[in-house]
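Make a model of the complete structure from these sequences and hints.
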Amino acid sequence: MSTVAATLPETQPRYHGLRDWLTTTDHKKIGLLYLGFAFINVWAGGLLAGLIRLDLYNPGWKIISPDFYNQLITMHATLMIFMAVMPAFAGMGNYLVPLMIGARDMAFPKLNAFSFWIMVPAALMMYASFFVPGGSARGGWWSYPPLSTFQFMGGHGEDLWILAILLLGISSVTGAINFLVTISDMRAPGMGWFRLPLFVWSWFVTATMLLVALPVLSGTLIMLLSDRLFGTGFFRPALGGDPLLYEHLFWFFGHPEVYIMILPGFGMLSHILPSLSGKKVFGYKGMVFALIAIGTLGYLVWAHHMFTSGITPAAQVFFSICSFAIAVPTGIKIYSWIASMWGGVIRFVTPLLYCVGMIAMFTFGGLTGIMLANVPFDILVHNTYFVVGHFHYVLVAGSVMALIGGIYFWYPKMTGRMYNEKLGKWSFWLLFIGINWVFFPMHILGIMGMPRRVAIYRPQFAFWNQFISLGFFLLLAGGLVFTWNMVISLRRGERASNDPWQVNDIQHAFEWTTSSPPPAYNYAEIPELEASEA
Amino acid sequence: MESQALTAHTEAEPHAAAHASVHMPGPSYWPILLATGFGLLAMGFFFWATGASDTLWLILGAVLTLVPAMGWATTIAAERRHMDADQTGQDLHKGFLLFLVSEGCIFGAFFAHNYYIRLTAPAWPPPGAPVLATTLPAIGTLVLVLSSFVVNLAHHAIKSRRLSAAKNWLLLTIAMGIGFLAIQAYDWGFLLQFDKFTLSKGVFGSGYYIMTGFHGMHVIVGLLMLSLVYWRLERGDYNDPKYSFSTDAATWYWHFVDIIWIFLFFTIYLL
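From first to last, the protein sequence lines are chains P and C. FYI, the numbering for the first sequence is 52 to 585, going by the working numbering. FYI, the numbering for the second sequence is -7 to 263, going by the working numbering.
One or more hints might be untrue.
Stated by the list, open to error - Computed Cβ-Cβ distance ranges for the label pairs, DEER-style:
1. L198/P x D76/C: 51 to 57 Å
2. R546/P x D76/C: 32 to 38 Å
3. Q202/P x D76/C: 34 to 40 Å
4. G228/C x Q202/P: 56 to 62 Å
No lab work stands behind these hints: they were computed from the structure. We treat Cβ as the ideally placed atom computed from N, Cα and C, and that holds for glycine.
Structural data, given as structure tokens:
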């Protein structure tokens, strides 16, 4: 089947060069655009993190004003969450989902292009907000009122930030609709729901969460924006509003958002680990139900971000128990990944290293999450660096490691070239050591009592802060090696076969049957799953 | 640029027929144009709301949003003639329903706000808020609810190919929608002028104006969709019932706007 792929003539005239990229409706090109966009923003967000670490190197002496420091942390978080991790997963999803289900494109190819392109004005507005009088948004990525109301945060950077997030919300919702319809309608013959590849399942659950959670954020931000610009009182106590309600609404979006940023990574691991161990994934159905359980429970835990905000003890108990409960499906996934490698012929290539590293560090991040779900413990470390350490372990050591592992794993499919294995291993070890170097001591700082979001701190925290700041260079080096590997392998990489990981020796995986990179139409003939295959 | 892609597609028809489910539209400028339009709309709103400029950019953004949106809709309608009508129809219907779900979630945030404040406030409506007259809004509600039945008549008329009847029912729906908006505008004007009741007077007014205003914007979008259907009826686009997605979408959207209003009316005026 794979040899037939190249013989189908193009049925569409295509533009070339720049015009092609601006007008393309090909899900693979759009996926690459998403990835390129994420790449630019992850560097920008990373450099902002560098400035933050520069500021924190010394407890007192400052080149960066505390006000600009607040802008830095806000924009660092916003760029990383909304403009790096989310579009990177959307890019991988765009590229892989139609290939994995044996489709020629997404259900709505033009809408797909729109979902990408609307991120560009949003990004421009986000960056432009630094140059607005008064500077960019500086209330953190949650933008809690009353801090984010006009009385306490003058200037219009915050307004620009809100509008940019609203545009990004349109992108996410249209993208989610596209994924849901594509997955439900365009599966190849024979591919029932319980034969869907797990990455596709993970995107199905993610898209469902995006569809419901993102509009709630949009509605909430519309209210906040109107409080700021039109003098309404939705979240202003003086007018009868309630800032606590903002926290509820924000985290009703914000906690599902956490899973939106990790589930596609879970999906990738479920492909990479078994494939590189020469096995099929362990406990397929358990994995599917675990995804659905995480997606569902994710809506019932939002107030665990608000244990100290003034919610009733009964609510604390409820949200605490629900948060513990999420550890069960997550545990199922972790054990199933390990079982997927158990007894296999494991190839210790770069993607596998990233995934194994991800399991180890993500589990650690999950365990500190269980600690934080304890109300008494959370009250002690609330808004300290312990929390910062925790969520960087799940986001950087979890999502980003899975993402980079996935990019290495599917790089041959996307580019037709193999990446450089030696550089790949260097990037892994630099990032693995760097992540632990930078983020582990944050837990110590948190337990010592250092609050997050402060530009000036007490001298007893200086040692670990300097230690962390030095670790930034490890992350920088790891990022540079990874970037360099991606760039030079485009030209110098060995030509990749259709199935460089021999996935199809074990199971029928569509995306590895077509050429690398696949033709515009993916498959000359729509592939089918036989009843006997799984 | 679209026509170029389409002719080529027609030439490739015999080949596409061999692979019955080819589902690959050609390149298009509409997505990037529409995205630019949305960006300008957001910036125009920003300039206008912060007082940096008058409505110039806002209007420019609105135009740059509407033109590509219309062009896009027309392109899809034309392209579908070369594709599997049942499959694309099913996709579009599902996609539109999901879109309505997400719209409902935005309103959900407003409703959640309203009920939370209402249940935690010491008194509701808060002291100082005017007593909202219910007679005129009730008439407006009746007009909007009835228009939902009328649009159904139009929908059925299109399905059973009684096209001139469909046009009349559609015009009546549009007239009723405009009537509803007129009643709302009168209500707003009355409150603003005689009660001096503005959106910055307190959380009650904020909720009232933002929720009815946001809903009113949706009514306007619904009216635009119904007008587009009317225009396409005039062009004779609905001769084949397979290609009646836009009539379904406009009808569903109108029902959606109606259902949201019933909740709004109940929440704001009656409770």
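To see whether the hints hold, each was checked on the structure:
At roughly 53 Å, the beta carbons of L198/P and D76/C sit within the given window of 51 to 57 Å. A hinted range of 32 to 38 Å for the beta carbons of R546/P and D76/C is consistent with their spacing of about 36 Å. One distance hint, 34 to 40 Å for the beta-carbon pair Q202/P and D76/C, is violated here, with the actual separation near 57 Å. Our hint of 56 to 62 Å for G228/C and Q202/P holds, since their Cβ atoms are close to 58 Å apart.
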